[in-house]
Amino acid sequence: MSAVSYSQLVWVTLPEIALVVAALAVLACDGTVLRGAAIARRRGVAALLACVGSVAAMLLVGSGPASFHLPDGMLVMDGRTRVVQVALLVLTILTVLLSEAMLTPAAEGVAGGKTAFTHHIGEYFALLLFATVAVLFLVSTQNFLLIFLALEFLSLVLYILTGFDKQSQLSTEAALKYFLFGGISAAFLLFGISLIYGLSGSIDLSQIAVAALQPDPLWMIAIVMVVVGFGFKVAAAPFHLWAPDAYQGAPTISAGFVSSSSKVASFFIFAQVLTLGVFGAAGSGMWHGAAPGWVPVLCVVAALSLLLGNLAALVQTSLRRLLAYSAIGHAGYLLLAIIAHTPQSTSALLYYVFTYALTVLGAFGVLAALEAQGIDRIADVAGLSRRAPFLSACMLVFLLSLAGIPPLAGFFGKFWLFGTALNAAPQLGLFWLVMLAILMSVVALVYYLRVLKQIFVADVPANAGAIHSGLVTRVTLGVMAAATVVLGCDPGLLIRWVVR
Amino acid sequence: MIRILWLIPAIPVLAAGFIALLKRGQRKLAATAAIGALGVSLVMSVAAFASMLGNSGLQVMNFRWLQFGTQWISLGWLLDPLAAIMLVMVSFVGLLIFIYSIGYMAEDENFTRFFCFLSLFAGAMLAVVIANSLLLLFMGWELVGLTSYLLIGFWYHKPEAAAAAKKAFIVTRVGDLGLLLGMVWLYGSTGTLLFYNHGAGCLEHGALAVLVAHTTIGGMAVSTAIALLIFLGAAGKSGQVPFHIWLPDAMEGPTPVSALIHAATMVAAGVYLIARVYPLMSITVTPGTISTALQVIAWIGAITAFFAACIAVAQDDIKRILAYSTISQLGYMMLGLGVGGVAVGMFHLITHACFKALLFLGAGSVIHGCGGEQDIRKMGGLRRFMPITFVTYASGMLALCGFPLFAGFWSKDEILHAAHGWPMSLGPFYLGTAGALLTAFYMMRQVYYVFLGSRRTADEAAEAAAKAADETTAAHGHATAHGHGEPHESPAVMGIPMIILGFLAAFLGFVGTPAWPWFSDFLTGQTTTLDFGRFGEAGLLPLMAVSSLMVFAGLGLGWWFYGRKPIVSASQPDGLEQAMPPVFGALRRRLFVDELYAVTVVRLVRWGSALADVFDRFVLGGLAGLMALLVNGLGHIDNSLDTHAVNGGFDLGCRELATGGRWFAAWQSGRVQTYLRTIGIALIVLAVMLLWWGKA
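As they're listed, the protein sequences go chains A and B. Counting from 1, position 398 in the first sequence corresponds to residue 398 in my numbering; the numbering is continuous, with no gaps. Counting from 1, position 300 in the second sequence corresponds to residue 300 in my numbering; the numbering is continuous, with no gaps.
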């Protein structure tokens, strides 16, 4: 290991430092100056600080060094990493803005309405910022040690965010399950990493790649363990079991964050590890004559995710569980892009995961805005288009984009992703998996449309009044829906950033 | 001028489109748009007319419209004295009637729709006038037919109006079929439908020579056949016998419509068409003889003039009298075209447009003032209540009768003069002269019934009041009597157009007297000189004396039957009826023409349609039923296949999917021990799988 100058280290981690400073400022402000102030005021100040910190971090990412490579792949920055970091920061800002709906005390007399789920405003925003720090580190390293550290950091923050609603038993239970599940997977991941270190003598992905050229049965064990670790993170079957409970139990915006930012970062690093680190041990996923390697493993995981996510979503009655299973299904599509591991498929992966994060965060945002009315089950949104036309319109855009209907962003994402998967090296034998994915996206349409049918066709239940939502929420959701449409109509806007 | 001539019809059509978009309540805007647009058209028409005064040459503007095969269909417009004078007449009379309509239609809820149709009509009629292509003329021709249909049926909730609209449309359509055939034939023979195209048009020498040179069935020249077919169209539109039956029924439309469309302009379109294609009508193999087409036109015109005048004698509806009078006068115009040429027929067309529009407006004013009453037997004495209407109506009536010095006198005299000099036969002349006598008679009768004498509705109102008083309370009876009300003069917006037209009816004839024949000279492009010596031409003055005598005799007879003893009661039999009951009865039934059609044409059509129905129902219907059975059977097979095989399979698949989903969801037991065990199992399974593959 060569020495690293600390001034250089500070220089390249300025964005993360800015976020940490912002998080501390939020905590300090909330704990001292605003002690005893109204929730709305505390929320406003904390959100403002969080946004300022994120914007500052974004500017620092933009103005920082375009590329660097610290020894042992500790911190690596290139054009694509920067794009991912900016996207993560944008998602953080959107999450912060959407938190308004969650932290607004419900109007008096709303049946089943919830009050603001927490009084710990400062801590909540600070944790969001810390989670952002974790994902920024996660995407900018190619070193197993740092990957593991960042993953654990992220996971710990997410456990807390999941259990943040202390009044809710579900929230606590979800956090506990998430934590136990995460702990076991982390153990497997660490085991896998140590096996790899033992086999290759390095924790730097680029050096592991050199050693991974000769297959060894132990490699396979190590790869399976790494896949388990990341499979947990991206909620791919059969490591998904935490997700439905966590999505349902967690505060809605926390669930949104778990399904957007955390997903973007995890998929990116998952792809990095597999394509950079163990590239040589790809193998083949052909039906007949599958060759051992990480490709067949991922093929199994992806197929399982596609089937399980989309089919189980069909029978859900809770909107959040539905989104959880749909997230599992989407993980299946995204794994397809990792399996293809061509430069185009990585670009497609990024496009898909960005637009997916945007739309799923939007869907959770709509749910958050509805939560004050106690809406959780699919049956509850009956006739929503008459009660909250704007939110319904946004939901329409988000769900149709998730289903992959043109001209929305989700359509182009799927189209590009499937296209690159079909164009991947033929010995990978991805054809059957792509067909399965296309079939399953047809099935997926059913459950999205079922929600939309409830919203737009079903009758308004008696004594259900109009639903009002905050201005910030509406503006944010409107911008997100507009972005979904625009990116679908002109994918070039995003493509030129994700294509290296 | 010629470049922007197309704007004259285009502006009213655009106004119609604009009005069509208005809401029902925007009445003022609708009327303003229609009148403004036609006003602009009038100004442009006058400008075109003025440009013709200087040099009366023909100007044309042609353009290619569409291509099929290697041929282009061209359209175009033209400006010559004939078109210029028609443009001014149509837009001027049209404008006056538009203004009058504001007052007449004031209480109608579909006011805007009315002005939309009127505007569309004006545009289409102006397009007919400036068309330099038989095709463009035909388009305008059909459009005026459409608007005529729409306006006759404007009060479509009245069954008579709806029936009359249909009748007008169908009867004129028979004539239009002839026109269409003639047009197609003309195109097939000459390859063009442009009238004038620098020597290549179908009315120019080259094409006419071709048409005359060829003969068709019965040794008839192609030109004659085409001319007769075109005349068929003109006869349909202009209500010539035997196509006249639609015109009296068309009086079901609002009176301004009757005045504009069914008196002044549209019905004259047939006359204008003949005048427009006059070179084709008059061409003969041997120069100097009279063409067959013109002979037919002259005879049909003369018969129509006399026949319709007879029927008019016995009608009781104020508008129907005028309708038959219009038919009769259209007959005179055709006669004029046939025996005397374009100028003779067109002069009568122009003067007639003024005084007949005036008479209709007067009749409308009477109807308006009497609360919708149209039966002349129930009027009487209106002179006192409606002085302006009476004076203007009298002016129009004298013009129509051909009272010396009034407009109709000069134009009708010219026709009679030409008919007298016709070398073929004197029959048309005698028919025309007799028609003049009848015209004076029926107009005198009408004026006596409507304006002179004592008011007869008042008596009946009193009777009704007395009757009502017996049945209900006196107050109710009084209300009923008041409902009839006193007749009243029409508002100024209706009166002023009538006054303007009244002046024209009296004095317009002076532009075409024998001493100063400006009108025919304008049409032929000569300069006019004042020469009283022309009165001395052979037979002119005696002829004028004879015709004036006829007018006076007609007026005198009218006085004898209706003025001598005042008409006291509405139910009293007609003066003429007392003298000659069977003749009067036949005339009142319109000489049984409608009945004749009913037992011949209509019955034939009925039989034909019954036959077609049987054929349709049993032969075609049977075939169709067989096909349907076959298709249905296949459909059933397909359906059962679909339901049981495909759908069943699909349902099974869906159920399987849902079951799968439930099974997957059941995995989600909520027990964290299961979850964690899953990871371990997955790890082992995947690792074993890989290792096994690796071994193989």
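The set of hints was computed from the structure by calculation and includes no laboratory data. Any given hint could turn out to be false.
Label-pair ranges, simulated between beta-carbon atoms [stated by the list, open to error]:
no.: 1; chain 1: A; residue 1: G419; chain 2: B; residue 2: M61; range: 42 to 50 angstroms
no.: 2; chain 1: B; residue 1: T674; chain 2: A; residue 2: Q8; range: 22 to 30 angstroms
no.: 3; chain 1: B; residue 1: L629; chain 2: A; residue 2: G419; range: 47 to 55 angstroms
no.: 4; chain 1: B; residue 1: I681; chain 2: A; residue 2: H119; range: 56 to 64 angstroms
no.: 5; chain 1: A; residue 1: G478; chain 2: B; residue 2: I2; range: 57 to 65 angstroms
no.: 6; chain 1: B; residue 1: I2; chain 2: A; residue 2: A482; range: 54 to 62 angstroms
Residues from chain A shown here face chain B by an in silico Cβ test under 8 angstroms; the list is partial [stated by the list, open to error]:
no.: 7; residue: Y6
no.: 8; residue: V10
no.: 9; residue: K166
no.: 10; residue: L170
no.: 11; residue: F181
no.: 12; residue: I184
no.: 13; residue: S185
no.: 14; residue: A186
no.: 15; residue: F188
no.: 16; residue: V228
no.: 17; residue: P238
no.: 18; residue: D245
no.: 19; residue: V315
no.: 20; residue: V434
Where a beta carbon is used, it is the ideal one built from N, C-alpha and C, also for glycine.
Broken hints, by number: Violated hints (numbers, rising): 1, 2, 4, 7, 8, 9, 10, 14, 20; every other hint is consistent with the structure.
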